[in-house]
Amino acid sequence: MSVTTSLQGKSGIGQFLSAIPGAGILLILMLALFTIVNPRFVSQTNLINVGLQTSLLLMIALPMTLIILTEGLDLSAGALVGLSGVIVAEALLAGWGVFAACTATLAVSIAFGALNGVLVAYLALPAFVVTLGTMGLMQGIALVLTNGDPVGGFTPAIEIFYRSQLWFIPLPIAIAAALYAALWLLLYRTRLGNYVIAIGGNKDALRLAGIRANLVHLAVYVLGSAIIGLSAVLLIGRTNSAHPTVGIGMEFEAIAAVVLGGTSFEKGQGWLFGAVLGALAITVLRNGLNILSIDSSLQVVCIGILLILALLIDQARKQFVRRAT
Amino acid sequence: MTVPATLDIRPSSLSPDAAALLGRVVLIVLIAGALTAVDPGFASVSNLLNMLRQASLLFLVASGLTLVIIGGGLDLSVGANLTLSACLAAAAIKTTGNPWYGVAVAIGAGTLIGFANGLMINRLRLPPFLATFGMLWVAQGIAYWFMAGQTIYGMPMSFRYFGTGFFLGVPLPIWITLMVCLACSILLHRTTFGRETYFMGANQTTALLSGVPVERRRLLLYVLSGLTAGIASLVYLARLNAAEPGIGEPLLLPAIAAVLVGGTSLFGGNGNIVGTVLGAILLTIIVNGLNLLNVAATWHPFVNGAVVLVAIIADLVISRRRSGSR
Amino acid sequence: MRTTRSTRCVLAAVICGTLFNSAARADGETIAAFTKNQVDPHFEGVRAGVAQMAAKMKATVKYYTPTKPNNITEGMSQLEDVGVTKPNLMLFMPIDAKAQLPTIKRLIESGLPIINYNDRGGDAPYLSFVGQDDYKLGHDIAKTLFDHLGGKGNVVILEGVKGSTTGDERKRGFDAAVKEYPNIKVLASQPANFQRLLGMQTMENLIQQFSIIDGVISAADASALGAIEALNAAGRKNVAVVSINGVPEAVEAVKAGSLLAIAEFDGFKIGCVATAVGLNAIRGQSAPKQVTIPGAIITKANYAPWLVPYKDRTCPTPDAYIAK
Numbered sequence: 001m002s003v004t005t006s007l008q009g010k011s012g013i014g015q016f017l018s019a020i021p022g023a024g025i026l027l028i029l030m031l032a033l034f035t036i037v038n039p040r041f042v043s044q045t046n047l048i049n050v051g052l053q054t055s056l057l058l059m060i061a062l063p064m065t066l067i068i069l070t071e072g073l074d075l076s077a078g079a080l081v082g083l084s085g086v087i088v089a090e091a092l093l094a095g096w097g098v099f100a101a102c103t104a105t106l107a108v109s110i111a112f113g114a115l116n117g118v119l120v121a122y123l124a125l126p127a128f129v130v131t132l133g134t135m136g137l138m139q140g141i142a143l144v145l146t147n148g149d150p151v152g153g154f155t156p157a158i159e160i161f162y163r164s165q166l167w168f169i170p171l172p173i174a175i176a177a178a179l180y181a182a183l184w185l186l187l188y189r190t191r192l193g194n195y196v197i198a199i200g201g202n203k204d205a206l207r208l209a210g211i212r213a214n215l216v217h218l219a220v221y222v223l224g225s226a227i228i229g230l231s232a233v234l235l236i237g238r239t240n241s242a243h244p245t246v247g248i249g250m251e252f253e254a255i256a257a258v259v260l261g262g263t264s265f266e267k268g269q270g271w272l273f274g275a276v277l278g279a280l281a282i283t284v285l286r287n288g289l290n291i292l293s294i295d296s297s298l299q300v301v302c303i304g305i306l307l308i309l310a311l312l313i314d315q316a317r318k319q320f321v322r323r324a325t
Numbered sequence: 001m002t003v004p005a006t007l008d009i010r011p012s013s014l015s016p017d018a019a020a021l022l023g024r025v026v027l028i029v030l031i032a033g034a035l036t037a038v039d040p041g042f043a044s045v046s047n048l049l050n051m052l053r054q055a056s057l058l059f060l061v062a063s064g065l066t067l068v069i070i071g072g073g074l075d076l077s078v079g080a081n082l083t084l085s086a087c088l089a090a091a092a093i094k095t096t097g098n099p100w101y102g103v104a105v106a107i108g109a110g111t112l113i114g115f116a117n118g119l120m121i122n123r124l125r126l127p128p129f130l131a132t133f134g135m136l137w138v139a140q141g142i143a144y145w146f147m148a149g150q151t152i153y154g155m156p157m158s159f160r161y162f163g164t165g166f167f168l169g170v171p172l173p174i175w176i177t178l179m180v181c182l183a184c185s186i187l188l189h190r191t192t193f194g195r196e197t198y199f200m201g202a203n204q205t206t207a208l209l210s211g212v213p214v215e216r217r218r219l220l221l222y223v224l225s226g227l228t229a230g231i232a233s234l235v236y237l238a239r240l241n242a243a244e245p246g247i248g249e250p251l252l253l254p255a256i257a258a259v260l261v262g263g264t265s266l267f268g269g270n271g272n273i274v275g276t277v278l279g280a281i282l283l284t285i286i287v288n289g290l291n292l293l294n295v296a297a298t299w300h301p302f303v304n305g306a307v308v309l310v311a312i313i314a315d316l317v318i319s320r321r322r323s324g325s326r
Numbered sequence: 001m002r003t004t005r006s007t008r009c010v011l012a013a014v015i016c017g018t019l020f021n022s023a024a025r026a027d028g029e030t031i032a033a034f035t036k037n038q039v040d041p042h043f044e045g046v047r048a049g050v051a052q053m054a055a056k057m058k059a060t061v062k063y064y065t066p067t068k069p070n071n072i073t074e075g076m077s078q079l080e081d082v083g084v085t086k087p088n089l090m091l092f093m094p095i096d097a098k099a100q101l102p103t104i105k106r107l108i109e110s111g112l113p114i115i116n117y118n119d120r121g122g123d124a125p126y127l128s129f130v131g132q133d134d135y136k137l138g139h140d141i142a143k144t145l146f147d148h149l150g151g152k153g154n155v156v157i158l159e160g161v162k163g164s165t166t167g168d169e170r171k172r173g174f175d176a177a178v179k180e181y182p183n184i185k186v187l188a189s190q191p192a193n194f195q196r197l198l199g200m201q202t203m204e205n206l207i208q209q210f211s212i213i214d215g216v217i218s219a220a221d222a223s224a225l226g227a228i229e230a231l232n233a234a235g236r237k238n239v240a241v242v243s244i245n246g247v248p249e250a251v252e253a254v255k256a257g258s259l260l261a262i263a264e265f266d267g268f269k270i271g272c273v274a275t276a277v278g279l280n281a282i283r284g285q286s287a288p289k290q291v292t293i294p295g296a297i298i299t300k301a302n303y304a305p306w307l308v309p310y311k312d313r314t315c316p317t318p319d320a321y322i323a324k
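Protein chains in written order, with this note's numbering: chain A, 1 to 325; chain B, 1 to 326; chain C, 1 to 324.
Derived from the structure by calculation, the hints contain no laboratory data.
For glycine and all other residues, C-beta sits at the position ideal for the given N, C-alpha and C.
Some hints could be false.
Beta-carbon label-pair distances, calculated as ranges [what the hints assert, rightly or not]:
hint, chain 1, residue 1, chain 2, residue 2, range
1, B, P156, C, S110, 53 to 63 angstroms
2, C, A304, A, L33, 41 to 51 angstroms
3, A, L31, B, R125, 24 to 34 angstroms
4, C, G150, B, S158, 36 to 46 angstroms
5, C, A304, B, P156, 18 to 28 angstroms
6, A, R207, C, S189, 49 to 59 angstroms
7, A, L186, B, R125, 28 to 38 angstroms
For reference, chain A alone in the conformation it holds in the complex (with noise of 0.2 angstroms):
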């Protein structure tokens, strides 16, 4: 864990500086320059809009953190979204129940995430390769069910779902908060969660080990899958609406959010918060920018700018910490 290592052998200020990431550094200049410039920025409304676009956006990053940790990608976590979406709301029009529905989506999931798990933990294939030909059959089978068109019209029990709340909270950020409870204690409490780490940094060891490094590596997809999937639901509540195309895209926004929050592709060197961090810091962005009015084509520059500059932050604090040692 980068993070964490950097803290040795400083102190004071310096420490606390060097304990943030770059990610959570653009968070707090952007947060203060988007209320000085337009207050409306910290209305309790924006606070709840960037809260749910936060949450869906976690719900994608949560997954694609512990599937990056082993060293790994999947860029058929968007089309996933949109193929899982189609199913619900396909089965709600078929007449099935909402946990039919929900089941079906799920098997579904798994069985993607079970194909995508075998083809990168037990042939070793590239794990970018491998999803970027499950995303074509999934957007695929998504677009061939719809004939391209959105579907809509099923139970309006999902969308009162997705706006309903939890005491005060919004029920979508609730539970992105405690899917990062569940995926915090499964992996940093858990065995099973030293294996996924373990694979990451370095699978032959495990496997020497007498772990059945194969199937963690596989349970890891499978179970990545079967979050994305069940996410969809949120998403389709949001929408009132199933779209075969929605998700495209959402992949790579999620592992720029992983990644700008400190979790690095290799050797599986990342922390969990680290997506709610980086998930924060690209919403904050988009959200900011649309109150501030700013033309479209410079919010696409910002983006850019955002994501180099959060990992220029990091890479000068390394060699900060590595000079100061």
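Given the coordinates of chain A, assemble chains B and C onto it according to the supplied hints.
Relative to chain A, chains B and C alone:
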């Protein structure tokens, strides 16, 4: 874990590389044969040239990317690079009236973006995926901003020859593809740079320890990727006769797919440029065939995904079988 | 947004300035105008129309466009974000009518006046809808082509984006016209997604498949222009191509004779009228439920007005279309 193909000195009749390429040629011939049986019009010279011309556009975007991937990197900015280069070149041609300024601008812009990618990865030690992903957004944003919602259209005939012209009965984009392919082949297989690229891709640390100037080589790889994106942007511009800020974005994933279907591994250290040519042809012939069979366009992503999976699994099976009973 | 390219560098220098200014200006109402992408010049026409009418009626405009073309989720987030800034009026065109409807309804419930323009945005209590009849545009332009062909011949159709209101309605119009002409044969009908490259490549494949093509109907200018490139490259010079929209590049093609006719889908007029109807409504006038702007057929005989750059055109008033 993958043994770099070039280091594989084996007295057997066929190297694994050649076997993989041959497999793809056989596959293309089989598909072409089946399509001809369904519709004899498929095998007409004009249809074949048409198909190759479409494949050549895809190949040009994928060519530099192949080099980068062999060297163990990745360039996600090729599509956005193509967009920006095409837009800037179109503006240069429109304002000066001289196509050569456009050529210079496109190649300059493309190379510069590649250079910036290389610098970010070398000097700032950013992972290639992210550096080029960030560059994707920056280049795309500049293109939007520069074009301000308009298109630039109406290129002079002399320039359009790059995209629409024929030389000895063969469309010019195919000639350009051949030249780029030949240049990349020579670079990869007949120069120290090429050998070092494979070496670097297979194992960067060993390459560094045995004296390969990894950083300089890497910079050059990204510059080459930018250069080919610049060249591709010219061919696109000449073909479409217009620049709009949306042309490059849909090309990124097909280009990566062409490289991978061509047998180049994302782990780096193996693959070759001819594979990418075959990959581009394979992806194009399938779309062409689906249209010929009147299959609805909604099926295209599914079939493309299946082709990618089949290609990598087939490669795996072949290489496992060749490496004996392990 | 609406500056010449040469002044763009100057603009770059003052961006930090505008960043702080944009929130401070408070003269007149603020309009939030949505468009679907930064790629299609049609939407540049819309934005130009909104800008001109807003300036005339002394209101400020802010423009919102997703960073990725026609991205549904981003379009939704943008709606939510803009709701927070509480503009006085919103001009909204859906990227996907079904998906964005729940958010729009909530914004209207919160008291934000919204005009739906360009594409129909589903069943919500909008102040008004300002747009054109896509079915009629499709029907009229197809009939123009069929009459030009003398009522018989082989045609191909390049469809729009499946599932979009504009694409589906236009296609319905094409199909209705085909039924009226028994000697017109539709060889193929394939999606070209309003895109130039896809229009070109689809046409290239159709040229290989069919030796005789007399006419091409395209759901939008961009794919028609791509198709024309393919036809020219293949030496098929006497194929009549028609499309819908009327962006400057396509009108020049009409002038040059490579495009037979365009059914006018005029972003500029839509932008002007939507702005006027909306501002009038929030200033106390009653708003008509629907304003349908008729689309002319642009041909070699009448193309001139559509070649005028957007910024030099004059906004029509809504009265021209309401009091029929």
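Verification of the hints:
Look at P156/B against S110/C: about 54 angstroms separates their beta carbons, and that is inside 53 to 63 angstroms. At about 49 angstroms, the CB distance of A304/C to L33/A agrees with the hint of 41 to 51 angstroms. The hinted window of 24 to 34 angstroms between L31/A and R125/B holds, with their beta carbons roughly 28 angstroms apart. Remark: the range hint 36 to 46 angstroms for G150/C to S158/B is upheld by a beta-carbon distance near 38 angstroms.
Roughly 25 angstroms separates the CB atoms of A304/C and P156/B, a value that falls within the hinted 18 to 28 angstroms. The given range of 49 to 59 angstroms is respected by R207/A and S189/C, whose C-beta atoms sit roughly 55 angstroms from each other. Distance hint check: the CB atoms of L186/A and R125/B are about 31 angstroms apart, consistent with the given range 28 to 38 angstroms.
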